[in-house]
Structures are given as C-alpha cells and as structure tokens.
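Protein chains in written order, with the working numbering: chain A, 171 to 513; chain B, 171 to 513; chain C, 17 to 339; chain D, 17 to 339.
Watch out, some of these pointers could steer you wrong.
Unchecked claim - Derived pair list, reagent style DSS-like, types lysine-lysine, alpha-carbon separation capped at 30 Å:
#1 D:190 <-> C:259
#2 B:412 <-> B:471
#3 B:452 <-> D:66
#4 C:190 <-> A:282
#5 C:259 <-> D:330
#6 B:412 <-> B:282
#7 C:63 <-> A:447
#8 A:452 <-> C:190
#9 A:185 <-> A:412
#10 B:216 <-> B:447
#11 B:482 <-> B:447
#12 B:324 <-> C:66
#13 B:217 <-> D:66
Treat the hints as calculated values from the structure; they're not laboratory data.
Read off the chains here:
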Amino acid sequence: MIIFRKRGGGSLSAKKVKEKKGLNKYPRTLLEQFYRTMLTIRSFDKKVEEKFLAGEIPGFVHLYIGEEAIAAGVISNLSREDYIQSTHRGHGHTIAKGADLKRMMAEIFGKKEGYCKGKGGSMHIADLSIGMLGANGVVGGGFNIATGAALATKMQGKNNVSVVFFGDGASNRGTFHEAANMAAVWDLPVLFVCENNQYASTTPYMTTTSVENIADRAAGYGMPGVIVDGNDIFAVYEESQKLIDRARRGEGPSLLECKTYRVKGHYVGDPERYRTKEEVDKVCESNDPIDRFECTVLDGKLFSREELDAIKASAGKEVEKALEFARNAEEPEISELFAGVYA
Amino acid sequence: MIIFRKRGGGSLSAKKVKEKKGLNKYPRTLLEQFYRTMLTIRSFDKKVEEKFLAGEIPGFVHLYIGEEAIAAGVISNLSREDYIQSTHRGHGHTIAKGADLKRMMAEIFGKKEGYCKGKGGSMHIADLSIGMLGANGVVGGGFNIATGAALATKMQGKNNVSVVFFGDGASNRGTFHEAANMAAVWDLPVLFVCENNQYASTTPYMTTTSVENIADRAAGYGMPGVIVDGNDIFAVYEESQKLIDRARRGEGPSLLECKTYRVKGHYVGDPERYRTKEEVDKVCESNDPIDRFECTVLDGKLFSREELDAIKASAGKEVEKALEFARNAEEPEISELFAGVYA
Amino acid sequence: MREITFSQATLEAMDEEMTRDERVFVMGEDIARQGGIFGQFKGLPDKFGKDRVKDTPISETAIVGAAIGAALTGMRPVADMHFADFMGVCMDEIFNQMAKIHYMFGGQRSVPMVLRAPDGLINQAAAQHSQSIEAWFMHIPGLKVVIPSNPADAKGLLKSAIRDDSPVIYFEHKALFNTRGAVPDGEVLSPIGKAKVAREGSDVTLVSYSHCMGLSLKAADILAGEDVSVECIDLRTISPIDKETILASVAKTTRLVIAHEAVKQGGVGAEISAIVAEEGIDFLDAPIVRVGAPFTPVPFARPLEQAYRVTPEKIAEAIRGLF
Amino acid sequence: MREITFSQATLEAMDEEMTRDERVFVMGEDIARQGGIFGQFKGLPDKFGKDRVKDTPISETAIVGAAIGAALTGMRPVADMHFADFMGVCMDEIFNQMAKIHYMFGGQRSVPMVLRAPDGLINQAAAQHSQSIEAWFMHIPGLKVVIPSNPADAKGLLKSAIRDDSPVIYFEHKALFNTRGAVPDGEVLSPIGKAKVAREGSDVTLVSYSHCMGLSLKAADILAGEDVSVECIDLRTISPIDKETILASVAKTTRLVIAHEAVKQGGVGAEISAIVAEEGIDFLDAPIVRVGAPFTPVPFARPLEQAYRVTPEKIAEAIRGLF
Ligand SMILES: Cc1ncc(C[n+]2csc(CCOP(=O)(O)OP(=O)(O)O)c2C)c(N)n1
Ligand SMILES: Cc1ncc(C[n+]2csc(CCOP(=O)(O)OP(=O)(O)O)c2C)c(N)n1
Ligand SMILES: [Mg+2]
Ligand SMILES: [Mg+2]
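Extracted from the complex, chain A is given alone in its bound form:
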C-alpha cells in the first residue's frame, strides 16, 4: 500500500493554509471548476452505478469514483483543441474534457441520441469535436493513438498536446513501450498519465509490475517521470501543468504517475473477492479527493460550506437532467445497425 499525503489539518489559520498549499495563485473560478468537475464525475458515476444495479444499464461499466482529482486536475490545463485519449474507465476524463452529460448518459443507456448513436456504450464514448479521442475497451489500446494525434499536431504546426490516461495494469502492455519510445525519439507533445490505482482488475499492482513506480520507467525513454499524489487535485494540476507546458514548448513527452486507489470494484458488479472491505474503507475515509479538496478550501476560507453545497447541488441536477434525457431518449432504429461500417 502506498502512503498518501495527509490532508491539511484544521488547526492552521486560513492564511497559513492558503500559503502552504499555494492557494493564492488559484483564481476562484479555477477552484470552482475543480470542484464542479470532480463532483459532476462523482455524481454521474454514482448514478450510473445505481442504474446499472437496477438493471437499466447493460454492458460493462467501470467507475471513476475516487480518482476524480486526476482527470479534473490534468485536464484543467487543456484547451478544447488539445487531445485526450481515455480508457475503459473513461467517464471521468470525458466529463473533465467538457463532454455533454446528456449525450454521455444516453450512450451508456444505448440510445440514439448518445455520442455514438448507441453503438458504443460506456467503453466506447468519444467526442471528437472536443478532442476526446475515445474510451477504449482494449487495455493499452490508446497509447499509440495519442502519439499519433501528437504527431499530427506537430506536423500541422499547432502547439497542442495529447494526453493519454492509462492504468497501472496497462503499463505492462508492449504498446506503452512502443508509444513512449516513438514519442520520445520524435519529441512529440504527449503526456502519459498513469492512474496507478493499485489494481488491475483482481490483481494488485506489485504482483505484476517489476518496478516500485511506473514513473521509474520514464528514464528508459529519456523522458521525465514524475510521481504525484493523485488524490490531491492541487498537486495533480501543478505537476501536470509543468509537463504539459514543457510539451507545448516542443520539449517532448513525459510521464506523470498519479498514485490513487480504486475504491469501487473493477466493474459494477465485481464480487471483489481479492481484497478486504477494511482495505477499501480505510482509503475512502482518509483519502477521498473531494473531501480533501473541501477541507483545504474550507480551511483556507476560500469557499463556505453553503457555497460548496450549492455547487454540489447544481452538479447533481445536471446529472439528473442527463439521466432523464437518457431514459426518455429513443433507441436506435434497426437500420442504424448497417450504417457507418465505411466512412
């Protein structure tokens, strides 16, 4: 088990808290964005879980709950023209990139108004119009796609970046190696973001991975490898910002390893026989990224409880609306089955 940084205690003065965390440099709108994004992801995935368990959602669904600080922190550094490449656990990245919750939920429900007209489902949501290159049902299937987007960016003379999210498990795929080497040797603007949530499905990270930190692998490609507390959105934001800026300056790719923990089962419905409830509970209680954010901004007196609650309520409402939309949306017509095999 990794040791997470302790969250700032309530004993410091608000001024001290702000200084310690360097909060002064954060515009209020950005802090609000952090919070709103994390909460939207959280309530979206809670709703998805609920509706999956109620039998309304089919297929395979993987929740991002507990890892919100990573997507929200990293993607806050990106513009619409930057690219992200996601995974099977993709709702969080997609929401953070600014996707429409209604079309996401409709897709998860398999409806015609969904992002993929109901043909993709949870594991295949994409929104090319906002640079979201797609979730991916193949673990490690996205590394090289991200590299290619960065290559295009470079050839087109733009200064956008391409961020690829991947799990600890995915780091053992050969595609990681090939993409990292190519990105490095061609100095491509790629940020490899490892969400090390300690598990690949049933398998604890250290039983399948030959290094302590995935970030230690970066040196083998001549790129920087940075480790960050993935449940501290401030740390994630700041470290990823440095690496993204570096990429934009044409200095090539880098790897950011975010240490986190998968508090939910691998997929909704996972019997989780491979770990104890105590192990999970400990993290939930002490290290929730949203709790930690709340403590920090409350301690720093940047937001009041009421203000936070209002944001929370509004995020929840958006998710409710998305759910309503998805439920009421129509199923695709059968003719859609045959459409779109070729462009």
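Dock chains B, C and D with the ligands against the given chain A, drawing on the hints supplied.
Chains B, C and D with the ligands alone, transformed into the frame defined by chain A:
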C-alpha cells in the same frame, strides 16, 4: 558513433598485459575455445557470404561477422542444458552453442540433412537438443520464448538459464517490454543480451531509439543493466558470467548491452546506401574482435602466432567440410512438404 | 447422467489433467485470485498452488510467448486469453511462432500448448468484447482449433487439447459458461477433428458449432413442427475440418445450411460451403445457404445487438427458403 | 502506352497524392534512407522531406496506432508494414481500433489511412517472410482490402486508397514489384470494390488476384491451345467483394475456378465459392474448384517451395477437370 576501448598496445610486457587484462585466471583451453569459436563463426559466415553471392544459397542471409565476441563470450558461460534464443542474425549464436556445422550449412543450402530438413533456412535454424531454441525471422519474436524457457526451468527445479540475444532495433518492440517485466516480476533466470551494432537494417540506432544506452532501460524493470565493449571477448565473458551466475542463484533477470558495430550489410546483397564506406572501414581496421583477441594473447605471450594459425586453419577446415557436406547433401523429397504440420 | 455447467466441465478437465500430468499449468490475467471471469478456474489455485495457476501482467505477447517457450522446454501450458477479442495483441506469437515452430524446425520439437479463448456475444459487451474470430485460425496451418457447444464436449475437447502435442486453440463461448448439460462421470475425451451428428434428419443438413449450435437445434425443433427434418452437425473442430461427416450428411439430405455467430463474409461457413461445392455439388438440390452476422462491428444498443444476432428463427427462415 | 514497373507505379501514386494533398504522409521501417526494400519509396524523402517520409523504430503497434491517431486528427497517413508477415504484431490496432472506430463511435470521425503490406512468395524467404494473409482482413468489417495484380491497378488502387475516407489495406505482392506493365499517363484511379474482366472467355470463369492473376492468365493461354475459353476475373478488391461481376461471368460460362497463392483452407476462394453456391448455384454445370497452397507453412527448400506454389499448370489442370 560510440567510442570503442582501444586495444592493448604492444609496448607493455607480456606479464603486464596479462595482469592488466586479468588473463592469468583464464585456463588455456578456455582461451583456445574463445578463439576457435570466433574463428569458426567468422569463416562460416565468410563462406556463406561467398556462396550466397555465387548464387548457391537462396533466401535471406544475415551475417554475424564482426560481432563474434558476443556470442562466443556469453555462451562460453553456458552448458548444453542452458537455453539460448537467437535472431535473424543467428549463425554465431548457433555455432557458439555447439551446433553441428554440417547440419547448419546443409540447412542454409536447403538440404534434407539440414537441421530443419531444409524447411527453415538461415533464418530458422534451431537445435533443440543443445538448448538452441531457434533463430527467428520476426524481430523481437524471441524475447518471450526465452522467458518461457526460463519459467519452465524454474518450475522444473533446475538451475539453468535462458539467454536471449537481440538487436538495438529489436529493443523498441513491445515484446521486449512485456518479456522484461514478466521475467523480472517472476524472478526468472533470463539474460537479455543486446547486440547494439548501431544499425537496424538501414536505420542508425540513435534515430529510432530514445535513450543513449539500451542498458538504461533495465532500471525500468528493476533489473541490473550493464554495458560492455562487445568487441572485447574478455569483457563480454566476464560481465555476462556475473549476470548468468546471478540468474542461476535465483536472483532474477538482467540486461547486458554489448556495444558493437555491424561491419557487413544488413543482409548479403545490401546496397548499403545509408552509410559511407569510410565509417565501416574505420571499425574494421581498429576494432575487429578477433584481431583484438589475437593482439592480447600474443602480447601476453599466451599463444604464438603459429599456434593461432593452426587453430585458424583447423576451424577453416571444419567449415570446408561443412560446405562439402551441404553441397553433396540431397534435397528434400516433395513428400516432406506435407509432413510435420502437426506433431 | 449428471448435469453440470459448461464452466464446471472445463474446470473438471483442468483439474483432471493437472492431476494426471504435472507438466500442465495455466496462466492468464485474473484467473487465480477470483477464479476467472466465468468461474472457470475456481479452486484450482488452492488445489495446485499459485505456481501452477498463475496470474500474469496484462501482457498478452508475454503470456503466449512464454507458453511457447515453456512448451518447447518440457511443459504443457494452458494460456488464457481473457477474451478472444485480445488475440490480436499476440497474433504474431500465435501465427508466426506457435503455429509454425514444429514444421519450420523440421519437426525437432512440438509445441504442446492450449490457448483458451472466451468469445462471442454476451450482455451487450459491444464491439471489442463480443467477437467471434475463429475463422482466422482455420487459415493458419499448424494450429488445431476446437470449439465446443456443450458441457460434455467442453470437457472432452479441453482434455484432448491438453494431451495433444500440437498447439490447440480452444474457443469457449462466453454465453455457454452458465449453460448446463449431461456429462458422463470419469474420463471424457472428445476426439479432435471429428464432427458429431447432434440430431439426425433427412431433409437438410445444418452445420454449426459453439453457441450457435444450440440455436440450430432450436431451429430444427421449429422446423420439425413444419415437417422438415433437419440433420444437425456440430463441427466441434474447425481445423482440421471433418469433411467426411459433412459430405456424408449432405449426400443423404441434399441440402446444406451453415450457421455461425461470426460475420458471414470470410467466416467458417464459407469454407464448409466451398468444400461441398467442390466435392459434393452433385448431392445438392438447392443452393448452399450461410447464416451469420451482418458485416458490421458488434453494436452496443439492445435492439441493434438483437438484430445483429443469429437466432433460431433466422436459421429456420433460411432453411425454409430451400424448399 | 508507356510501360513502367509495379514499384514505379506505386511511387508515382505516392508522389502524385503527396503533391495533391499535404495531409498525406508515409511512415514505416527502412523506407527513407534506402527507399524501401523494393525501391517503392525511392526519391520521396528528397522531394517531400523526412517529415513526410518517416523512418520509424521497429514498433509495428506504434506505426499503425500512430497512423490511426493522426488519421483521426486531420492527417491522411500511409503506413508501411515492411512485410505483411508482421501484421500479426499490430493486429489488435488493425481490427479493434482502425477497423471499428468509425462505426463504434457512431460515425463521428473517419480513419482515412492506408496500410501497405508487401506479401507473398519471393526468393525462398521461408515461413515468416512469404505469407499471403489477406483472407483474415476480409472477415473484418470496417476495412477495405485491395490487392492489385499489375502496375496500372497498383497505381490506380493506391491513389484511390489514399483518397478513401475508410481505412484501406493495400496488399502488394513482393514478386510483382519488378514486373512491368502499361500505365496511362496522368491521373489513374482504379475503383475500389470493382473487379475487372481481365480476359473474356466463354467456357469457364477463373477468379484470381495479385501475383496469381498473372499465373491465371498464363493458364488461360495454355487452355486456349486446348480449345477451352477461359474468362479471367481480376478481383482487385477483396472487401467489399464485387459479387455482381463474378455472378454475371459464371452465369455466362457455367463453370468457376478460383486461384490464389494463399493456403486454400479458409482463404478468399472459400468466400467466392460460397457466394456462388448461395446465389448462383443454378448457373453451374460443374463443381466449384479452388486452387491454393497446401495447408502447410511455407517451406524454405527450393523443391518444396516449388511444390507449394500455385502454377499455371496446376490451375490449368484444375480447369481441365471440369470438362
Ligand atoms: C489487451 C487487454 N487485455 C485484457 C483486458 C481485460 N481487462 C480490462 S480492464 C483490465 C484491468 C486494467 O487495469 P488498469 O490498467 O490498472 O486500469 P484500471 O481498471 O485499474 O483503471 C483488464 C485486465 C483488456 N480489456 N484488454
Ligand atoms: C517484427 C518485425 N519487423 C520488421 C522486420 C524486418 N527486419 C528484419 S531485421 C530488421 C532490423 C533488425 O535490427 P536489429 O534488431 O538491430 O538487429 P541487427 O539486424 O542489427 O542484428 C528489420 C527491420 C522483422 N523481421 N520483424
Ligand atoms: Mg489499475
Ligand atoms: Mg542492430
């Protein structure tokens, strides 16, 4: 271009030379083996080149000329029960492991008496009876096979090792990553030997590879990575011995990068438009592994010129015999085409 | 006879073969700690130890490559592919190494290993988790490819595959794992390379395999009510193919339909059809009809997936068209 | 008309398309410094710069994956596979990503890219460097698969492939690169999805493609001397298949033979045969015969490779058997 170690000059006394190179610890039989193996490889591949150019040998042929110290040095540490996994450039490894020159040459000629009954050719020679698991036409195709042999060894309670040779180019295949991680996480007795001959076919190493040294990648798997002058058989022998012994003790895999240079074209017939003749000549003149061995043992007065010449002559004679055998051998019958699809 | 699930049948096969031969071991992703996605490895780690039931990294080239290396050096590995959809990751290992080593090295050493590949449609799993790609492997010399449709053959073919000295790919349909069927007590060995007449009939031959076999039997039931007597053949092995059984049946019935879940174009059905068009065309009183999926990736939404699927009704309809 | 080699024809296609559209670029192993193994990229780096003609690491998943990513974001990549034999390495990228993205994402974005794959027998290159694996790709919805037999179509199909918005696999037979043929000056665009009647005849339809097409034409010559009139169809595209041209020809000739270099079992020939057995069986006066390689890996030794090969004589012999 890498800088090779200079060879010992003739100005030192024989005693000094022996001390400096640590030659005292080498039994004469081992030195003779070094020399004989390197020479056999050299004259075998020269003969193959000659006969290929004369139109007697078909297919694709890749020569090991100039890299003999690696196969000879590493494999001198192995027993018949240890495994090696080779590449498309496999004659050197195969000879060093003790294969029958006649059956090798016959295979290269496509004859019935060849190792593979003429069905494999140069790129597919194997001798399972001596632990030679096969050349491989797929670059990077052998990493995982070697890992599997090491796994078997471990499960069978033996203390054998599995050595996989691979090129600088092959180091960028995803299979390297997957094999290295698996070998390391399971502590398998594998030695990864990179023959960094500066080129992958037409492509200079540094234009496709994101690190200075392949050995730098070892740390990403938590394994030792050692660099050695691949044209110095003493250095190769000693460094590989340490890593092989380590593997035998159950301490897991490691990576040895041997810096060398491909003095011949990628394959026989390569027009070599991607480099200058001067570049090649410089290495041939100053850094030939056989020349360097000769200088050292002559300087150290361990062998006389006449003794060396006698060994050379006898190696040459073996190759001549192999050639005669191959030429006179029969072609396979057509029925052989259909045999052996299933075991 | 006792009835057990398909999943239990495979588990018994593993258990018996691992007990019989200590060179047999199994590796794959997520098989040891939770017993496999379909419970198909449950209890094996406790009985045989984590050394013989190995959880691997997510490294399909390493799983298959290492199995090849171990098979070459005295072991008899079973490698689990998690989902058949991921076989593309290790396709080079499968077709350039595993399939060819025995032949290419002149028969020096065999590669006795089994690749287990759960395939097919289940649960709206969508484009990357629902595929049936068995046809690729029938086009690769050196591989044997088996594909059981029921618990008895699931057990019998897995046991035979483990004992075979050639590499065998064992497709097991995800939707079959929970189905039940009669399995004899004791040693069950189904022959590799032999199809089975699953139901005798006289008017038309219906060739199928895997999950689609059950649908074919249902189609035969439907048609029995319409006075069409369908002879159902369960291929069981798709490479090498058992031509004799198929040709003998068509000689009797004079009509042939082939049904499988995979997309029709370039599927196993094409080969069966071509064999009969080449060696038994004179038996035929009707066109040879194939029923398979349309030429699209597998869609997610329920109505689309439903429309994509082969059903007993679609098979029955194809057969009706022959009369 | 001027005659150029197949290799030059592909070079002209690249040159013209790269000139026409600056989004087109090409990457692969060993293509820039020496112009490709078959000279098929010679001069392009000088004309278009190393940025648009990129030498890559030996990383097939990166080559294809990066091409997909670039295609999704506004480029039109051509990726070179060196030898088709290495497509197993990036099979996952090909079938799970490249082929499916357009459909699976609901048509949001296309993946306009071309995979160039030199395939087939040449020079006793043995089991891992001689393969014809096109049949796998006709079983993958979402891909177009073209496979020219002569310089004119080599140019025309490559240009059409580069302009197509769907991913296209372009198989180019290694033994064809040095062959010469007439190629019109100026713009040459061969339609994807259209077969061509390469020689008219009345007694039997002979369907082929790629290198085997030339052998088929030779077989037709041989048979012309025996008063058998062979209609030769060059498929050119194997997915989507041009059924109409084949069925129309069989309707006229009443006999069908299919010849390809790939192993017969599970090959493209099976699909062609099955289409006709399904939709045109009444046209037939004889069995449908397929000529292909035996079910073995490609052997190295000359006499074995020779025996393995499809030849004009073998094709002619198969046709004689129909009368
Ligand atoms: C190539 C491939 N192999 C196996 C799987 C099955 N699978 C899906 S998710 C998963 C675990 C992924 O773990 P990790 O990369 O750590 O991501 P996490 O689920 O923890 O976010 C596995 C093995 C797959 N989808 N693709
Ligand atoms: C997977 C794969 N990709 C490409 C090739 C073509 N190829 C054969 S040898 C070679 C270069 C290999 O370079 P390296 O690994 O450095 O070995 P060297 O030839 O220098 O010994 C290439 C690209 C291949 N055989 N296999
Ligand atoms: Mg994980
Ligand atoms: Mg090299």
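Verification of the hints:
1. D:190 <-> C:259: Not OK: residue 190 (chain D) and residue 259 (chain C) at ~34 Å, beyond 30 Å, violated.
2. B:412 <-> B:471: Answer holds: residue 412 (chain B) to residue 471 (chain B) is near 27 Å, not above 30 Å.
3. B:452 <-> D:66: Cα-Cα ~28 Å, so holds.
4. C:190 <-> A:282: holds (27 Å)
5. C:259 <-> D:330: holds (23 Å)
6. B:412 <-> B:282: Violated, because 40 Å separates the two Cα atoms, which is more than 30 Å.
7. C:63 <-> A:447: Within the cut-off at roughly 26 Å; holds.
8. A:452 <-> C:190: Cα-Cα ~36 Å, so violated.
9. A:185 <-> A:412: Status holds; Cα separation ~26 Å.
10. B:216 <-> B:447: The hint holds at about 19 Å.
11. B:482 <-> B:447: Holds - the C-alpha atoms of residue 447 (chain B) and residue 482 (chain B) are around 27 Å apart, at most 30 Å.
12. B:324 <-> C:66: holds (14 Å)
13. B:217 <-> D:66: Judged against 30 Å, a Cα distance of about 38 Å means the pair is violated.
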